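Trainee: Below are the chains, spelled out letter by letter.
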Amino acid sequence: MKYIDDPHRLQIEIIKKTYLISLLPVLSSLIAGEYAITLGFVFGLLIATLLLRLKYNNIIRALNMEEESAEKFIRNRYFLEYALYFLVLFTAARHANLNFLAAAVGLFMIKFTVIMWSIIDLLKDTFQRQIDEYK
Amino acid sequence: MVEFSPEVIDTVIRAAALLGAGFAMIAGIGPGIGQGYAAGKAVESVARDPEARGNIITTMLLGQAVAESTGIYSLVIAIVLIFTI
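Chains as they are written, first to last, in our numbering: chain B, -11 to 123; chain Z, 470 to 554.
Be a bit skeptical, because a hint or two may be false.
Stated by the list, open to error - List of simulated lysine to any residue pairs, SDA-like, C-alpha gap at most 25 Å:
1. B:Lys60 x B:Thr37
2. B:Lys60 x Z:Tyr542
3. B:Lys112 x Z:Thr528
4. B:Lys99 x B:Arg63
5. B:Lys99 x Z:Lys510
As the list claims (entries may be wrong) - Far from chain B by the CB rule (all over 12 Å, computed), these chain Z residues:
6. Met470
7. Val471
8. Val477
9. Ile482
10. Leu487
What the hints assert, rightly or not - Restraint ranges, calculated between C-beta atoms of paired labels, are given here:
11. B:Asn52 x Z:Arg483: 42 to 50 Å
12. B:Lys5 x Z:Ala496: 21 to 29 Å
13. B:Ile119 x Z:Ala485: 19 to 27 Å
14. B:Asn45 x Z:Glu513: 14 to 22 Å
These are calculated hints, taken from the structure and not from any lab test. None of the values given here were measured: they were computed from a predicted structure. Cβ coordinates follow ideal geometry from the N, Cα and C atoms, glycine included.
Model the full structure from these sequences, guided by the hints.
Mentor: As structure tokens, this is what we get:
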């Protein structure tokens, strides 16, 4: 994976790639006139981006702590983030202008991008190795 | 054969859905414990090899971001059970 030594740069790359991939569902739902899906998706995506930033800041803070307090800190912060996820999904479920499933998919987009990026890197490495062996 | 009224059946279904939502939320505990453990080990690794800090942070960030997925799946299932049934 590119920028593996620079977490800040990698984070920005993940966010860029996620937004690029998200253009497809956003534009297609806009063209189809399903504005609730667009709004739900954008809502989920924005919250997922902010939570990724929050997670990065928490990790940086945790690395300056003792082992046990870092463990406790990250665990507590996870439950706070979980509560935020609940609020987002609850809001999407209660409001008619926000599609619940689109909001859930928006929340998952960053994870989807990370997994896809890893799979593409793995495939690239495999093909490169095979080409090198062939040469 | 005993026949139940539609109200009773609805109540039983609703109760089962809420119970299912409660059980689904148990899945949210696992990632928290796992992430905490990973953070502890990351601190240990950074103390052992400070030059690998960037690499450790990146791996931890990606790992934690993906590990959260199962917790969110359970949350989605619980909310669907609460609000749609």
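Trainee: Go through the numbered hints given earlier and state which of them the structure violates, listing their numbers in rising order.
Mentor: 13
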